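Student: What follows is each chain in one-letter form.
There are 2 protein chains.
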Amino acid sequence: MISVSIIGYGNVGQQLAHSFHSSENANLVQVYNRSQILPSSLPSELFINDLGQLKPADIYIISVSDRSVVEIASKLPFTDRLVVHTAGSLVFDALPDTNRRGVFYPLQTFSRSKSVDFSGLPVFVEAENEADIALLESAAKALKARVFEIDTNQRKALHVSAVFACNFSNHMYKIADDICKANNIPFDALHPLILETAQKIMSLSPSEAQTGPAIRRDEPTISAHLDFINDASKKELYELLTRSIQNG
Amino acid sequence: MISVSIIGYGNVGQQLAHSFHSSENANLVQVYNRSQILPSSLPSELFINDLGQLKPADIYIISVSDRSVVEIASKLPFTDRLVVHTAGSLVFDALPDTNRRGVFYPLQTFSRSKSVDFSGLPVFVEAENEADIALLESAAKALKARVFEIDTNQRKALHVSAVFACNFSNHMYKIADDICKANNIPFDALHPLILETAQKIMSLSPSEAQTGPAIRRDEPTISAHLDFINDASKKELYELLTRSIQNG
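Same order as they appear, the protein sequences are chains A and B.
Each residue of the first sequence is one higher than the one before, starting from 1 at the first, in the UniProt record's numbering.
Each residue of the second sequence is one higher than the one before, starting from 1 at the first, in the UniProt record's numbering.
To be clear, the hints were calculated from the coordinates, so they are not data collected in a lab.
These figures come from a predicted structure and were not determined experimentally.
Honestly, I wouldn't trust all of these hints.
Any copy, or any two copies together, can satisfy a pair, since identical chains are not distinguished.
Dumping the calculated DSSO-like pairs for lysine-lysine here, alpha-carbon to alpha-carbon at most 27 Å [stated by the list, open to error]: (1) 181 - 144; (2) 234 - 114; (3) 235 - 55; (4) 141 - 181; (5) 141 - 234; (6) 235 - 75; (7) 75 - 55; (8) 141 - 114; (9) 114 - 55; (10) 55 - 144.
Only chain A is shown next, with the shape it has when bound in the complex (with noise of 0.2 Å):
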């Protein structure tokens, strides 16, 4: 049975504290949240509004925003614990050495309206020992989460890969959006196509899934959507990433 605190009740927060609250391998200590508390299905009573009150446990995860992270780990009042954030490119020896310091950075997109299953979910660990990475993939575990150790680096490499993968793609479902609202066609129509193309990488790789005009290198089509797209940074946009993958 591992224990856990959680510090920052923002977007990741909250998914984990709830997370750990429902598993039988995890015991959730605390929540600190700076702020009034929220409407939550947890109990009250773990609630904090003071680090001062914070209470021995195994791991603090400090999940806040990334540039809030370092002003909250050199406010915390104990030393020689386990402390880590969520963060996917704060380095961990951001952390003031006071505490033993680590990552966890579960990889999904958090929003506060949407809950997420850990299970089955890469989280990502690092820490300056094995003792310490082992607490993380006991904690990972408890949430049936699939572990993998990084370094700092790789961690790095990981972020700039998720912010295309999820990022830049939810921006590409935006630009069809505008485009359909623009032309009075429901964005709805679109979301057997959406969830396709996600579902293909499954079973594909990116390179074999890639379909469409730039692939193809179909002239007359794509000099037909350039005519049709009247915006100046969506047309940029659309000769940049045709060019991207004629290129390979």
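Following the hints, put chain B in place on chain A, whose structure we already have.
Tutor: Chain B in isolation, oriented as in the chain A frame:
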């Protein structure tokens, strides 16, 4: 019972042929394939490789590459029958007016190696009169698809949207895969993130679903990512997409 013949046995033609063949409300009359008959679970007597052998059918669906549609259509050995194509970006009056003309455009990404379920899939139809629209609707309904009647301009908009939502988001996966490979990270660790990003769109608009350093204007992370990316064209894409997200 609607009778349909498929002309062209590529990615789209194969899926249409199999789906019409297994539909209770459609009769697949013939499949024309220029080259040698491919291994198929369809009865071999359905296949012809000479357009002169085409028998009567309610609808002839031409599903060859966009650039070959007009040529194939001009070789059809009959007049005044309903001939449609499946191309997103080809005007339907590109077809010769010796036959009745239309479009039967299923919005999905088709790969030879992955079979497509048409049930619930949007199919966009165009024709020159109500009777022909009704025939195309019957064909779409025989596949349990959702039918939308649109005009040529909307279909062009739809095709451009689909390029962003499907082809370009797949290219985002490809870039993520490249970065993973270069850093010894198994790409399948990104599978849950990719699926969740697509599934989110079933319940949130793309604007609501947007996360990541660009939308939260996290400049230190954006700079760190740009420093990390060596490849000039990936760097240019990262910058342009970040700016595009920020400009809404």
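Student: Next step is simple, just say for each hint if it's right about the structure.
Tutor: Outcome of the hint check:
1. 181 - 144: Classified as between; 26 Å across copies, 41 Å inside a copy.
2. 234 - 114: neither (29 Å within a copy, 31 Å between copies)
3. 235 - 55: neither (55 Å within a copy, 45 Å between copies)
4. 141 - 181: For residue 141 and residue 181, only the inter-copy Cα distance (26 Å) is at most 27 Å; the intra-copy one is 44 Å.
5. 141 - 234: Classified as neither; 43 Å inside a copy, 35 Å across copies.
6. 235 - 75: Neither, since 49 Å and 37 Å both go past 27 Å.
7. 75 - 55: within (14 Å within a copy, 81 Å between copies)
8. 141 - 114: within (22 Å within a copy, 33 Å between copies)
9. 114 - 55: Answer is neither: 30 Å inside a copy and 53 Å across each miss the 27 Å cutoff.
10. 55 - 144: Only inside one copy: residue 55 and residue 144 sit 25 Å apart there, 59 Å across copies, limit 27 Å.
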